[in-house]
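Colleague: If you want the building blocks of each chain, they are given just below.
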Amino acid sequence: MANKKRKKFICIICPKCCELEIDGSEVSGASCEKGEEFARQEVILPLRVITTTIRYETKEAIKMIPVKTASPVPLSQITGIMQHIKQVQLSEIPTIGSRITLTSTSKPIELIITGE
Amino acid sequence: MAAAVGACSGGLKKILLLERLPRLGGILNQCIHVGFGLKYFKEEMTGTEYSARYKKKVYKRNIEVRTSCFVHRITPQKEVTFVCVDGEFTVSAKNIVMATGCRERTREMLTVPGTRPAGIFTAGLVQEMINIHGVMPGKSVVIIGSGNIGMIMARRMTLEGATVHAVLEIMDHLSGLIRNKVQCLDDFGIPLYLEHELLEIMGKDRVEAVRYRNNQTGEEKLLCCDTVLFSVGLIPEQDLLIEAGIKPGNGIYLVGNADYVHDLVDKVTKEAEKLGKSMG
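Here the protein sequences line up with chains A and B, keeping their order. Everything in the first sequence is counted per my numbering, starting at 1 for the first residue and increasing by one. Everything in the second sequence is counted per my numbering, starting at 1 for the first residue and increasing by one.
A few of these clues could be false.
Footprint (simulated), chain A over chain B, 3 or more residues, beta carbon under 8 Å [stated by the list, open to error]: (1) 25-35; (2) 42-51; (3) 127-133; (4) 173-179; (5) 182-194.
In case anyone wonders, no lab produced these hints; they're calculated from the structure. Cβ atoms here follow ideal geometry from the backbone N, Cα and C, with glycine treated the same way.
Extracted from the complex, chain B is given alone in its bound form (with noise of 0.2 Å):
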């Protein structure tokens, strides 16, 4: 939205925006929690009204913008080919801006040894289930990494009437930023543990236990749960580029989490808006 924005003002007259999903905004739709805006907005907002305020930008400028469009293949010619509900097409560009975002790190990524029963997620994929479909699922919770959104989670599925039984954490000191760590696990009495590993993740259909080792003593322990919630980074979404064999440069731009991780959306908002004005 903000390269988008930026591309506007910088005088550029096409301007396509196409979204995967149904509305603008993308993972900020999810985010109802605070903590958004206060650099760019200089009010502290949720990641919802952020996205809902931004979109007001985007719809006032002359900007074509296509939602449910999936954009499957883009060439070093600058063709983007995408399929939407009237079929497929393909433009031609003289730029193209990748605000793809990220991907989460899954269990699979870090091979953790065990059975695959179910109960098992990312975190912002609990996220998505909690805040958009209403759905809970679980009761009894261990979060593996002390990622942002999994501290974020712990307080979120604790204030739904889960119990979140501890934060493992492999590294000798916390991933995300520590105000999370103060108002999502101190305030709610959730332990976190430092140098802590997962060895092993038990049950038969449903997840029924974590197996972790304290590195500082070597010592082992079982924790009983249903669910396991992973918070163990994001990845930026390159694919499209990777797959096509294009690197970033002569017109094809990557921002925002898809370029790298950014802790504030604020950052990531006057980057692409900066990047947007450039290609006027």
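Extracted from the complex, chain A is given alone in its bound form (with noise of 0.2 Å):
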């Protein structure tokens, strides 16, 4: 009989692509540990970072102001949570890295920027 436990996943932290197999918590074709932890938490919840960007708009010109998500979120949540990341106003042009809170969200959300 087949075991209901066991999946397969493509591995997308990195361009190599494992293939993946994971039976309970034992996960084979892997070839680094954070591909384990990938499996093993795509199991539970998926996790993703959510890449986008936060228009900033004066008079004068419209900059897209890149942003990524300081950890990953749930899979499912992406978008509703896009529409929050949506409605932030931006009084200046931020820093690259620095961090904007999402306080809108069910759960407080870190934004960092990513671009100049």
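Combine both chains into one complex, guided by the hints.
Modeller: See the structure below:
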């Protein structure tokens, strides 16, 4: 009988794209620890980093500010979180590496500015 | 940038870096997604972070950087002519490195039948429109070709509220990285149709539909959409050399995607640094 706990994934951690298989907590096919962690997390709750932009608009110009979530967020919540990110108003152009905290979400989400 | 940094490390004293756009970084500046830097900087970063980090290396060194400069002629005698706000200049060099990247293959190059309405773009152009200019080119999208930029834009447009109906790939396998299929298509339920060929683009003023064929079964279908994105390959930008009848060699080099298409910027950086050093 096939084990229901057995699942297969393609690792998305790096461009190697390892073919992972997880059986309970046993991971095979990973060529690094990060891949094993990815597989274990993927069966519990898939997490992804969101990368998007925030609009900074003045009378003179529009500048798109690239951001990413400081840590991965649940895949199923991405669409909802995007709506909150869209609402962010900036009073000035933030420096690369600085952080913005989204407080309108159920749990605060930290965004990192990724561009100049 | 990396060739200039390499040349500087190799001991060259006079290095001029000419960039067509107002800032250094090239295509990285519109790559807001992660997946860069794991090899070179040993950390996962976005294209924009990678470019910003690498730019610091350039500005720390004795490299003359000129942005908004359009190079329009290179001669076999290694003279470079460029235009900028101050006028036209010609400089002569011992070595010339062409790090001009790629152009995208367009609909015209595929000779796709049909009308020529608004709403047909290359994937990289849409990436620039959304990530740099904050403009959404359409709401209902079909992507032709399973290149990496196409898949990344499938996700990006979905995040921005568009509906991406499908990615059509004429070959029997994915042309980009499988991780991009997983995190850009599968994550958002966007179907990938392999061995499917675009037959016609329809629409009067704006794209209204595409007609395509399943090449395994021969079945033809219509798919309504207002936007078609092409992600069907990149062509190294070597026109300046081709026009002048110059073959690379004798101090004229191609590097990075201008030489051949690379999967990873990290590899481009390393190759270019090595080339730069070898000139010193």
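Colleague: Does each hint fit the structure? Answer for all of them.
Modeller: Structure-based check of all given hints:
1. 25-35: holds (count 5)
2. 42-51: holds (count 4)
3. 127-133: holds (count 4)
4. 173-179: Holds, because 3 residues of the stretch 173-179 of chain B bring their Cβ atoms closer than 8 Å to Cβ atoms of chain A.
5. 182-194: holds (count 3)
This entry satisfies every hint, going by the numbered hints stated previously.
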